[in-house]
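Peer 1: Note that the protein sequences, when read in sequence, are chains B and F. Residues in the first sequence are numbered from 1 upward in steps of one, following the working numbering. Residues in the second sequence are numbered from 319 upward in steps of one, following the working numbering.
Quick caveat, the hints were computed from the structure, so don't treat them as lab data. Heads up, the beta-carbon is just placed ideally off N, CA and C, and yes, glycines get one too. Accuracy of the hints is not assured; some may be wrong.
[To be verified] Partial list, derived from the structure: chain F residues whose beta carbon lies under 10 Å from chain B: (1) Asp-391; (2) Asp-394; (3) Tyr-542.
[Claimed, not checked] Part of the chain F face toward chain B, derived, beta carbon under 10 Å: (4) Leu-372; (5) Arg-381; (6) Phe-401; (7) Leu-406; (8) Ser-482.
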Amino acid sequence: MTDLPAPPLPRLARLRARFLAAPEPAKRVQFDRPLLPWLFLLPQLAVIVVFFYWPSVQAITSSFYIEDPFGFGSTFVGMENYGDALGSAEYRRIAGFTAFFTVMVTALALGLGLLLAVKADKVIRGRSAYRTALISVYAIAPPVAGLMGMMLFDQHIGPFVKLAGWFGWDMKVGLNYWDTAFAMIVVSVWKQVPYNFIFFLSGLQGIPAAVREAAVIDCKNGLRRFAGITLPLLAPTGFFLLIINITYALFDTFAVIDVMVKDKPANNPITLVYKVYLDGFRGNDIGGSSAQSVILMLVVLVLTLVQFRYLERRVHYG
Amino acid sequence: MASIEILNVSKTYPGSAARSVTGIDLTIRDGEFIVLVGPSGCGKSTLLRMVAGLEDISEGEVRIGDRRVNDVDPADRDIAMVFQNYALYPHMTVRENMAYGLKNRRTPAAEIEARVAEAARMLELGPYLDRKPRALSGGQRQRVAMGRAVVRQPAAFLFDEPLSNLDAKLRVSMRGEIRRLQRRLGTISIYVTHDQLEAMTLADRLVVLNAGRIEQVGAPLEIYHQPASTFVASFIGSPAMNLIDAELSGSQLRIGGAALPLDAPAPAQGPVTLGIRAEHLHRAASGLSFSVDFIEELGAQRLVHGHVEGQPLTLALPPDAPVADSMVIAPAPGALHFFDTASGQRLGAAAPAPRAKGVFA
Ligand SMILES: Nc1ncnc2c1ncn2[C@@H]1O[C@H](COP(=O)(O)OP(=O)(O)OP(=O)(O)O)[C@@H](O)[C@H]1O
Ligand SMILES: [Mg+2]
């Protein structure tokens with residue numbers, strides 16, 4: 001008997017298998033020598049090792065040490081750095097803000113991206129030249145959008161600050177905690193929306209016209225139809241974007257935060273990544289900062305696993 | 319009593335200069351199975367989609383029952399549509415696919431369940447009710463699509479080439495299934511196809527479209543035996559009707575240098591396009607001299623391709639009929655069709671159908 005059922009794979013291995021599986025057998029290329037594929041992979045592997053595994057290992061190692069501030073050796077302290085971080089009220093406050101910030105940025109960026117994509121999809125349905133033009137504009141946009149977003153909140157020339165002023169809101173980005181938080185969220189969302197827009201739009205365009213038409217005949221109410229047909233069919237895109245957006249909010253908003261709080265008084269909201277940077281590079285507390293970044297890595301890992309475990313199953317693929 | 323009236327309906331797509339569908343007039347009676355047939359791009363889908371409400375009606379009026387539906391939402395038109403690529407909701411099970419339209423119409427749950435069960439029984443979908451469409455074969459998906467239409471109990475079914483994604487054998491059996499189902503439910507059906515065999519076998523009445531206009535409306539055999547134009551003659555029937563240049567003079571038909579006596583009064587004089595079905599030609603003692611180019615054996619019959627007076631001609635002969643390289647052939651009595659050379663319109667529309675008189679009586 002050659003066709004015994006395969007033993008159940010452990011969950012992580014299944015996850016890996018899903019990513020590593022060749023998409024279609026037809027696309028598989030046969031190599032006569034097993035060495036050749038590794039050679040092709042080498043540059044990519046090197047990049048991953050140098051820029052990801054190596055620093056990760058470094059971070060984990062140094063999180064168990066306290067480094068002498070002047071660089072004269074280090075002392076092994078076990079879990080002490082972790083204890084210090086988790087025990088600190090300031091750390092917990094920043095963690096709380098990070099959670100709030102991440103939820104807000106992710107929800108708003110996804111929501112706005114989806115809203116814009118739905119509107120655009122209505123306009124360009126079937127007109128592919130139009131679509132290409134629109135998408136290419138948005139594809140160039142994100143860095144520019146980021147810059148513009150910063151300018152919107154500039155204390156002196158920012159139109160947003162002026163606008164708020166007309167409504168009696170004396171916005172002081174970099175001075176007032178919640179004003180800064182507001183600006184950080186708006187700019188972060190603003191930067192991420194185009195990206196979400198593109199993916200949602202192409203997801204919408206991927207829904208077959210006949211399926212939409214069948215739904216039009218089956219359901220009169222546009223909102224119901226959107227909830228019952230469009231949204232579930234967009235779920236794979238949405239799931240992918242959810243992970244990307246959470247990661248974005250946790251890590252890639254660093255530059256936005258930096259511009260807003262750098263060289264400003266201490267009472268400003270920051271996220272965990274920024275604290276890692278502050279403690280490590282400004283405070284020279286390499287051990288503590290490493291411990292924090294390891295915690296952050298674990299949080300992201302757990303979040304991603306949870307999402308795959310609970311969400312991916314409910315998302316329809318294919 | 320449901321009926322559908324299509325009154326002088328035209329369609330101009332935004333941005334296109336010409337009409338895609340022009341001046342369609344058609345009244346569909348209760349329970350009738352109407353097939354729209356015509357070559358690709360002739361406007362079949364456009365017409366169907368205007369009835370469904372998926373395209374705006376540029377001119378004219380569509381009435382379903384006694385309601386004008388031009389401005390009625392597709393969901394409120396009391397129609398159900400079956401699409402070419404099934405258009406099932408991929409994230410729903412077969413059961414949910416069928417129930418979706420009813421749920422949105424606030425049909426009571428018990429009623430939904432009963433109707434879905436009944437449709438599943440009729441279409442033999444019972445074992446698949448809890449599967450998602452991706453786990454079904456093409457034929458099963460097509461049946462689910464039909465089930466989704468059936469449970470709605472609409473005034474009309476609209477089909478847009480529902481079988482063209484299936485293989486030939488399945489197509490034949492599904493064709494039968496659709497016909498049986500429609501007979502049983504007695505629901506008006508409008509069925510779009512470019513397959514003339516499908517059209518012939520399914521239709522109560524056939525609507526032949528050409529370039530956005532109705533070329534002819536009639537029962538399949540009526541159209542087969544009395545095509546209104548050369549277009550219909552060449553489109554309906556396989557092999558296509560022979561169309562050759564000829565001339566009527568007095569009571570004689572001239573084809574090149576040859577002449578045949580007419581057995582009925584000539585409907586016109588001068589040059590005409592002569593139409594003869596391949597099966598209405600046979601060997602004879604006197605008539606036209608036919609030289610054979612090649613033979614296609616179809617089993618039940620053999621198609622003999624050749625020419626008469628330099629014009630191509632096809633004969634359908636019994637499989638055992640002797641064939642010589644060159645033979646004398648003659649048409650069956652009353653089997654000649656005459657068409658205007660310029661307009662292609664039939665001349666003498668009242669010509670009796672050969673050998674088929676009894677069928678219509
Ligand atoms: N959305 C559209 N915009 C502009 N022109 C269109 C549109 N849809 C169809 N047409 C044109 O209208 C005409 C009729 O198209 P339609 O789809 O009704 O043809 P059809 O008879 O269904 O053909 P087929 O057998 O290939 O499906 C064609 O000339 C087509 O180019
Ligand atoms: Mg069509």
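Peer 1: Could you run down the list of hints and mark each one as holding or not?
Peer 2: These are the hints, each one checked on the structure:
1. Asp-391: 5 Å, holds
2. Asp-394: 6 Å, holds
3. Tyr-542: 32 Å, violated
4. Leu-372: Nearest chain B Cβ about 5 Å off; hint holds.
5. Arg-381: 18 Å, violated
6. Phe-401: With a closest approach of 4 Å, the Phe-401(F) hint holds.
7. Leu-406: Holds. Min distance 8 Å.
8. Ser-482: With a closest approach of 13 Å, the Ser-482(F) hint is violated.
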